[in-house]
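Going line by line, the protein sequences match chains A and B.
Throughout the first sequence, residue numbering follows the numbering used here, covering 1 to 114 in sequence.
Throughout the second sequence, residue numbering follows the numbering used here, covering 1001 to 1114 in sequence.
Rather than coming from a laboratory, the hints here were simulated on the basis of the structure.
Be a bit skeptical, because a hint or two may be false.
[What the hints assert, rightly or not] Only pairs whose alpha carbons sit at most 30 Å apart, straight line, appear in this in silico DSS-like list of lysine-lysine: (1) B:1068 to B:1038; (2) B:1005 to B:1054; (3) A:57 to A:9; (4) B:1005 to B:1056; (5) B:1038 to A:9; (6) A:57 to B:1038; (7) B:1038 to B:1054; (8) A:9 to B:1071; (9) B:1038 to B:1071; (10) B:1068 to B:1054; (11) B:1071 to B:1005; (12) B:1071 to A:57; (13) A:9 to B:1005; (14) B:1005 to B:1038; (15) B:1056 to B:1071; (16) B:1068 to B:1056; (17) B:1054 to A:9; (18) B:1068 to B:1005; (19) B:1056 to B:1038; (20) B:1054 to B:1071; (21) A:9 to B:1068.
[Stated by the list, open to error] Selected chain A positions facing chain B (in silico; Cβ < 10 Å): (22) 7; (23) 8; (24) 15; (25) 18; (26) 37; (27) 43; (28) 51; (29) 55; (30) 56; (31) 58; (32) 61; (33) 103; (34) 104; (35) 106.
Beta carbons are placed, not taken as given, at the ideal position from N, Cα and C, and that holds for glycine.
Here's the letter readout for the chains.
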Amino acid sequence: DSGVTQTPKHLITATGQRVTLRCSPRSGDLSVYWYQQSLDQGLQFLIQYYNGEERAKGNILERFSAQQFPDLHSELNLSSLELGDSALYFCASSVVGSGLNEQFFGPGTRLTVL
Amino acid sequence: DQQVKQNSPSLSVQEGRISILNCDYTNSMFDYFLWYKKYPAEGPTFLISISSIKDKNEDGRFTVFLNKSAKHLSLHIVPSQPGDSAVYFCAARGGGTSYGKLTFGQGTILTVHP
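Given the sequences, and given the hints that come with them, work out the whole structure.
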């Protein structure tokens, strides 16, 4: 158990809908990262927040947005969902935001868009 | 543009033998490299890392080698155990202002036979 929690574990929805994925980092970790893993793909970095502020951005679609709240939990919002958005979405956390220390990953949320 | 590549989708070894997992990268700005292990239905777990100023880092049965001139790194597991069977991801940090962003390879499935 990494100490990072993600809810829900599974999510099934229809095209055009909007969903929110939630992540609670390890106690004391200030940085939260979101990754997407599609079928046969490695993990693709989406976005990083550090202590409530956006720190780095990857190839995140405009239909996707994220935020980190004062209690340090984070939410990833996915809207106007398409079939291709079906994937595993992982959240990770670390103490600082430099990437030089390890990132602890949650168990992931499996999103299925029908 | 796949900046981190793991060209072997799978590797099969006998228990007690050495497992060698390979990773190539193209971005010379990467300054820190990590290996993660992933079991089904779980998030990736950090294994070992290496800074670009080093060429070797060892932790128990795991050793990572970095050849900067060849832009190549490898993970050696000696001796291999059945519990090592998992997907192994190589990841790289971009340095500079990329903060915590990690670029992952597509993974190699390692199977260790008893």
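Under the constraints set out in the numbered hints, which ones does this structure not fulfil? 8, 17, 21, 22, 23, 24, 25, 28, 32
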